[in-house]
Amino acid sequence: MPTSRCNHIPTVVGIVQQLAPRSILDVGVGFGKWGHLFREYTDIVAAETDPCRYARANWQVQIDGIEGHRPYLTPMHEFLYDRLYVGDMRDAIHDVGTYDVIFLGDVIEHVEKDEGRSFLQACLAHARQAVLVTTPARDTAQGAACANELEVHRSLWTPADFRALGRCVYTLDDNDTLIAVLLKTGVAAPACVPRVRRPARSPVGWWPRLRRRLSSALRLVRGATGPPAGPTNGRQEVRERIHGVSDMTAPRSRPAADLTLKDATQLGPELELGPRPRGTTLEEPPLAPGARR
1143 MPTSRCNHIP TVVGIVQQLA PRSILDVGVG FGKWGHLFRE YTDIVAAETD PCRYARANWQ
1203 VQIDGIEGHR PYLTPMHEFL YDRLYVGDMR DAIHDVGTYD VIFLGDVIEH VEKDEGRSFL
1263 QACLAHARQA VLVTTPARDT AQGAACANEL EVHRSLWTPA DFRALGRCVY TLDDNDTLIA
1323 VLLKTGVAAP ACVPRVRRPA RSPVGWWPRL RRRLSSALRL VRGATGPPAG PTNGRQEVRE
1383 RIHGVSDMTA PRSRPAADLT LKDATQLGPE LELGPRPRGT TLEEPPLAPG ARR
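Residue 1188 in the numbering used here sits at position 46 of the sequence shown; the count goes up by one each step and never skips.
It is possible that part of the hints are untrue.
To be verified - BS3-like mimics (lysine-lysine), calculated; alpha carbons at most 27 angstroms apart, straight line:
hint	residue 1	residue 2
1	1255	1326
2	1175	1326
3	1255	1175
Stated by the list, open to error - Okay, the calculated beta carbon distance ranges per label pair:
hint	residue 1	residue 2	range
4	1254	1225	25 to 31 angstroms
5	1160	1233	28 to 34 angstroms
6	1152	1221	22 to 28 angstroms
7	1197	1152	24 to 30 angstroms
8	1197	1239	22 to 28 angstroms
9	1354	1312	43 to 49 angstroms
No wet-lab data here; the hints were simulated from the structure.
Think of the CB as a built atom: it goes at the ideal place given N, C-alpha and C, for glycine as much as any other residue.
All chains should be modelled from the sequences, with the hints used to inform the complete structure.
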């Protein structure tokens, strides 16, 4: 596909920002997503302090691309990339110069393992800092998508495959994408984690909070009505003491201490489900006709 999953975007962009390359080769540009992101987080983000960098004529990072399927290319590619090479990446890599970073976004799985190893070694020979690779970490069968035979998945790669090629750091995202960085000698290893982390989720879920609120409501009920007069019908006793009416035809139910949230909210609009300030009491409703306190 000329696109890929989005989960690893923060990790890849974070690695590129740490390496701070002056030149990038994007192998298998597809729709152009990575070219857009690399341009934004190199030249465009620099416009915050240097407004002139926003204009294309003042871009300072060279971003080139290789694409084997010409129908994928659009005028957008011509704007984002400085130069585009059209052809099989295994051949085109020998026609390009050297780059600080060579990026392979979900392309290495489209060739057989032996050809892939040779291609990665060629990429290392043309990279000054690193070769950055993303690829599925589990088998994802794919045929000739978009009427393009180059889209067929032909191999599955593991961290061991990349470590065998030299110095390497890697990570997995939450959607089983392997992100590997093959590093040249003397280049500091980047942290393979997203630059923006999700806030930690609270360990207290909705159920404990609901139980606390229900317990507070039931304590208010017991405090306003006093202990039940007998074991006959706890729910009926609560109704009588709060509303001043008797419902002798009501079916027997659970004791007041076992009321659910639905039961508690049906006792009357006066009942609140939150804690009340100390020293306050529930206001009693007007007496029903003919009833006595």
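List, from low to high, the hint numbers that the structure doesn't satisfy.
Violated hints: none at all, because every hint is consistent with the structure.
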